[in-house]
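A.B. asks: Sequence:
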Amino acid sequence: MKKKALKKLSVSVISVIAAVSLIAGCSSSGSSSKQPVQSDAGAGTTTPATAKKDPVTIKVEVFDRGNSPAGMTVTNNEQTKFVKENFTAQTNINVEYIPVPRSQEVEKLNILMASGDAPDIVFTYDMNTVYKYVQQGGLTELSEVIDKYGPDLKAFLGKETLDTGIFDKGQYAIPAKRVYLGKYSSMIRQDWLDKLSLPLPKTTDEVYNVLKAFKEKDPGGLGAKNIPLGFTLTPASYEPIIWSFLKQGTEEEQYTLTQQVSHENMLLMPGHKEAVQFLNKLYNEGLMSPDFSLDKDRKKLSQDITNGKVGMYSEDAGNSYFNDGDIDVLAKNIASAKLTPIDPYTNEEGKHAKPAYASTGIYIIVPKNSKHAAEAVQYLNWMAQKDPMFTLRFGVEGQNYTMVDGLPQLKDDEATKNRLYNAGDMIMISNGTDFGSLDKNLAGMALTYSKPYRDESKVALMNGMQDGIKPVRFDHPLASEAKYGKSLSDKYEEILVKAIMAKTGDFNKVYDDGVKDYMASGGQEVLKERQEAYQAMKN
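Start counting the sequence shown at 136; every next residue gets the next number (our numbering).
Heads up, a few of these hints could be off.
[To be verified] Heads up, simulated SDA-like pairs for lysine to any residue below, C-alpha to C-alpha not over 20 Å straight-line: (1) LYS219 <-> HIS507; (2) LYS267 <-> THR299; (3) LYS503 <-> GLN271.
The set of hints was computed from the structure by calculation and includes no laboratory data.
Keep in mind that this is a model prediction, so the values were computed, not measured.
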């Protein structure tokens, strides 16, 4: 569950920004931050989803990333004021936001659900977590509520997206709609290549040769601080490399040998061992971050990049290009440094195979003990209307953006940054903004990045999409993955760390022992259930 050919694309377009609002056919007139917005369903009338009613309060989860501007919180900011002045004023439904730390979202959600004190709207990226709650009878079935109170929501998400929220034949989740489906892209120090008169690497073998040259010739003059390949214990670091070694396999292998344990685990796929052995080679030759196993939040890698120590790295597509991101900081620290987006890892077919996102984002759910399922859907329905969504994402025309070539050009001022700092988290029903075409979507995404690098950022985003492979999906979650998902995810990381850091001569034993332990710890049950589910699907 790879970031920067188009005719061979098997993916559409995802958000690089933390989940931004998707709209279709946005108006160039923007939206007043003071005026209630009418539904498109009727001229001058309100839909059932926006009908005035007696006052009621719903509680809504919101991610707290610890990045609120001074004087603001995730529960009290320009966005929450807009909701109050528009949605609440129109419907008499108050919204109380319940902050949950982003890094602890599943753990906190489990605590809230177990205590019976979960908000009326909660969400998770983990399908297995949703299915666990379905099995426990902890969620509200929403099909009739959506039919009655969510006409705009249904139209916005579409049947394909909504259907991915069906579990055990019930609409127990409302999936967010994802626009840009690319996941990862890679970056390389162009100035280091230029010093060594080397071209951009275009294959996995060429990457190895470049990393060797970075190590041996040290174009940055860093000595022992030189890190040819920046690497962390995150999927964005290891998946682009691993997927370049995987064999295509049959349809049955793709369904049965894949395991969904927090993310797409390819441990059993042909070629995975060779991929980890390649990483072991890089580690033992001193070509990658020596302390990668301790860097699970990527903070150390970011420091090394911005201090000019790293020659190449992979990341979530386009992340380096955000304002005050790694590229901006690197440029301030080392004026001569230049990073170039590349897509070098290739499989046996010469393709730049990499995982892509499915067309859904978070799963929005309403706990069974909520008394406000109707009001919760009304809130999401209001958000699905064009004007509220556009204002939540881009602010107010003239104040926060101007329209240029049909796209909103955000102002580069503190007021705009402060207003929109958590826009993606507020617009929970959408990951990305759809402006009607791939070119416009990429151009629109580029507008969210640091101004000097917007053309380059579009290359990185295209790289993230090239030869992307969407995850396979059964028509129902698997009980074994829900049961063992977290522990197997931990086991998988343990295999990676031990096998990558093993001495060359010990690699086979360390890797094989790790796989045996993984399979004995639930992996075999997942494999068996996937095999049975595949046969049932084919029959």
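A.B. asks: With reference to the structure, classify each hint as holding or not holding.
C.D. replies: These are the hints, each one checked on the structure:
1. LYS219 <-> HIS507: Holds: LYS219 and HIS507 sit about 18 Å apart, inside 20 Å.
2. LYS267 <-> THR299: 16 Å, holds
3. LYS503 <-> GLN271: 10 Å, holds
In the structure shown, no violation is registered for any of the earlier numbered hints.
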